[in-house]
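Guided by the hints, dock chain B onto chain A, whose structure is given.
If you read the sequences in order, they're chains A and B.
All the letters of the first sequence, read from the start, carry residue numbers 0 to 334 under numbering that gives the first Met the number 0.
All the letters of the second sequence, read from the start, carry residue numbers 0 to 334 under numbering that gives the first Met the number 0.
You may find that some hints are simply not true.
Said to hold, decoys possible - DSBU-like mimics (lysine-lysine), calculated; alpha carbons at most 30 Å apart, straight line: (1) B:K128 <-> A:K262; (2) B:K262 <-> A:K128; (3) B:K44 <-> B:K294; (4) A:K81 <-> A:K27; (5) B:K262 <-> A:K333; (6) A:K21 <-> A:K302; (7) B:K136 <-> B:K170; (8) A:K128 <-> B:K128; (9) A:K136 <-> A:K81; (10) A:K44 <-> A:K170; (11) B:K81 <-> B:K21; (12) A:K128 <-> B:K81; (13) A:K128 <-> B:K21; (14) B:K136 <-> A:K262; (15) A:K294 <-> A:K333; (16) B:K302 <-> B:K262; (17) B:K128 <-> B:K21; (18) A:K113 <-> A:K128; (19) B:K81 <-> B:K113; (20) A:K44 <-> A:K81; (21) A:K262 <-> A:K21; (22) B:K302 <-> B:K333; (23) A:K44 <-> A:K294; (24) B:K333 <-> A:K262; (25) B:K21 <-> B:K162; (26) B:K21 <-> A:K81; (27) B:K21 <-> A:K136; (28) A:K21 <-> B:K128.
Claimed, not checked - Over the 10 Å line for every Cβ pair with chain A, so calculated as not near, a few chain B residues: (29) Q118; (30) D191; (31) D208.
Calculated from the structure, these hints are not laboratory results.
Where a beta carbon is used, it is the ideal one built from N, C-alpha and C, also for glycine.
Number of protein chains: 2
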Amino acid sequence: MALIETPYLLFLGDAPDALAAKVAQGVKDWRPDYAIGQYRMDGCKADMGLQDLDIQAAVEAGCKTLVIGVANRGGVISAAWKTVLIEALNAGLDIASGLHNLLRDEPDLVAAAKANGRQLHDVRIPSVKYPIANGVKRSGKRCLAVGTDCSVGKMYTALCLEKEMLERGMKASFRATGQTGILITGDGVPLDAVIADFMAGSIEYLTPDNDADHWDLIEGQGSLFHVSYSGVTMALVHGGQPDALILCHEPTRDHMRGLPGYKLPSLQALRDIALQLAQVGNPDCQVVGISVNTKGLAEDDAKSYLSGLEAELGLPTTDPFRFGAGPLVDALAKI
Amino acid sequence: MALIETPYLLFLGDAPDALAAKVAQGVKDWRPDYAIGQYRMDGCKADMGLQDLDIQAAVEAGCKTLVIGVANRGGVISAAWKTVLIEALNAGLDIASGLHNLLRDEPDLVAAAKANGRQLHDVRIPSVKYPIANGVKRSGKRCLAVGTDCSVGKMYTALCLEKEMLERGMKASFRATGQTGILITGDGVPLDAVIADFMAGSIEYLTPDNDADHWDLIEGQGSLFHVSYSGVTMALVHGGQPDALILCHEPTRDHMRGLPGYKLPSLQALRDIALQLAQVGNPDCQVVGISVNTKGLAEDDAKSYLSGLEAELGLPTTDPFRFGAGPLVDALAKI
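Looking at chain A on its own, in the form it has when it is part of the complex:
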């Protein structure tokens, strides 16, 4: 059972543009069955192309949770939002949010939730007391996306792999480790908010024993080469116990995200160090392919870049969102 009850009413609020509603877009793209309708306030500039439902209509359509699919302006949950959120709680919906401002810190929302017996899900912070990792080998297979940098497409890579595997009739589960992924799928570990000692254990908890032919597709975080967040990445490499690593890259970037003095590593350097570290937890781990976010390249340039990389590193290489995850799933299916 997912942590967050589905299906969802996607709350777009007064989104100033489409980009502000990227959580809602993620749900709609990756869990269309969860996305029954959208709620847009006056002045909303985002549109998921879903039916516009008011709260009562959403309840009648079977929605269980209002998901805040939009970033809030100025870091404040506004009075205008609250009117809608309280109406939703009164009508019997839970609320799920990945905002930095927590729902639970708003007394009026807490009171309305309590009065109606509803849940407020703040996925920004953990709701579980995770164990310390024990390193014991688990059944089933696991694939982890590791990146040359933060925000190079690791979440989309894992979601693309899940989609392709399910379409082929394989057993697969995307395992969310960040707030957007958790809201998309209704469950996961907000790894960046876990206490240091329990990071690897939280990933063991997230990816337990499973069928021998089941794949956990673990959302990566940070990068082993990103000095601000590399510890988080390391916990995924060891807690995830991956059988397979997919290297993720974004080719147009000048420097590491947020670190002007730091160049991106080569894919070879990432491959070598990530594999060596992963083999501490799983000696059979392999690097199986490369996923490139080619959004910044024209289609011809993207294709020649991918084929160049494939020849250079001798690994299946694709932009799974743009050109399909087939080559990567082919490689995983052989493990």
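Below, chain B without anything else, positioned relative to chain A:
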């Protein structure tokens, strides 16, 4: 200014044996100036060889803080302890504790502290809102102890280096990253309790810009090869921005601490991967020596083991606690 006011009255409580009082032993060994006296209850089996002081005598001797230097039995702060602790607060002492049970969770201690305007220092958990690491190069020099495993002597190595450097008139500061180290020195970061996203930033905070010839001697945690805690270690390697790494090892261990299925890595493997990772944050980082905890070996065996390792890896090798930190400080002084 240290987080915790010194000097200390070391509270040994009803310690069942000397081992239970290892925090007190650490203070006495490494900060003898802080250790003015000890407080022993009936049945106490530990003895630091300090003068026994009651609370009033401790205050008159200039003590500022009662440091709980002993583990509590059964995870409970007993009524017998509380009588002493409340007397200490009433007499004007602060209390510092690294216990898992927090002082702040005991209403009677909180009330007595408040009534007397005293501090309760729970060093188990952070008292600072740490920044996210920015990776900017800092002035001064930093040495980090990295281990083949947990609990191989990284804290003692850093403390030995500090002592030797200070004796030579060098500028040096031990930087505590664990509860025992924090209680010994009165300040530091309880890294295992920091939120994932802020781990590396907490180490940047702990080891700020300093004189060009000043050494921060950073206490290591965990191991890059320990799957439960490697993320914590990684944050030290990147947040610490070390100029020098000291490899730490304990030669009598069968398997990684708490992980029966896991063998210890070779020192060569640790050297290679730790250096490669550290050079992401500081391209000039070097591995300068090896520190071995030879407690489990007879003196002759220890010496031949050390000289064998030194020949094998070509690095200055010693047990700094047993045979002195000289060779390691010689190597650091050349950087």
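Right, here's what the structure says about each hint:
1. B:K128 <-> A:K262: At roughly 29 Å apart (the allowed maximum being 30 Å), K262 of chain A and K128 of chain B satisfy the hint.
2. B:K262 <-> A:K128: 29 Å, holds
3. B:K44 <-> B:K294: Holds, because 23 Å separates the two Cα atoms, which is no more than 30 Å.
4. A:K81 <-> A:K27: 24 Å, holds
5. B:K262 <-> A:K333: With Cα atoms ~29 Å apart, K262 of chain B and K333 of chain A stay inside 30 Å; holds.
6. A:K21 <-> A:K302: Distance ~27 Å between K21 of chain A and K302 of chain A Cα, so the pair holds.
7. B:K136 <-> B:K170: 19 Å, holds
8. A:K128 <-> B:K128: Within the cut-off at roughly 21 Å; holds.
9. A:K136 <-> A:K81: 46 Å, violated
10. A:K44 <-> A:K170: Given that 30 Å is the threshold and the Cα spacing comes to 38 Å, the pair is violated.
11. B:K81 <-> B:K21: Judged against 30 Å, a Cα distance of about 21 Å means the pair holds.
12. A:K128 <-> B:K81: 29 Å, holds
13. A:K128 <-> B:K21: Answer holds: K128 of chain A to K21 of chain B is near 29 Å, not above 30 Å.
14. B:K136 <-> A:K262: 14 Å, holds
15. A:K294 <-> A:K333: Holds - the C-alpha atoms of K333 of chain A and K294 of chain A are around 29 Å apart, at most 30 Å.
16. B:K302 <-> B:K262: Answer holds: K302 of chain B to K262 of chain B is near 24 Å, not above 30 Å.
17. B:K128 <-> B:K21: 29 Å, holds
18. A:K113 <-> A:K128: 23 Å, holds
19. B:K81 <-> B:K113: 15 Å, holds
20. A:K44 <-> A:K81: It holds: about 19 Å lies between the C-alpha atoms, which stays within 30 Å.
21. A:K262 <-> A:K21: Answer holds: K262 of chain A to K21 of chain A is near 28 Å, not above 30 Å.
22. B:K302 <-> B:K333: 25 Å, holds
23. A:K44 <-> A:K294: Roughly 23 Å between the alpha carbons, so the hint for K44 of chain A and K294 of chain A holds.
24. B:K333 <-> A:K262: With Cα atoms ~29 Å apart, K333 of chain B and K262 of chain A stay inside 30 Å; holds.
25. B:K21 <-> B:K162: Distance of about 19 Å is within 30 Å: holds.
26. B:K21 <-> A:K81: 53 Å, violated
27. B:K21 <-> A:K136: Answer violated: K21 of chain B to K136 of chain A is near 35 Å, above 30 Å.
28. A:K21 <-> B:K128: Within the cut-off at roughly 29 Å; holds.
29. Q118: The claim stands: Q118 of chain B keeps its Cβ more than 10 Å from every Cβ of chain A (closest is about 23 Å).
30. D191: 4 Å, violated
31. D208: 16 Å, holds
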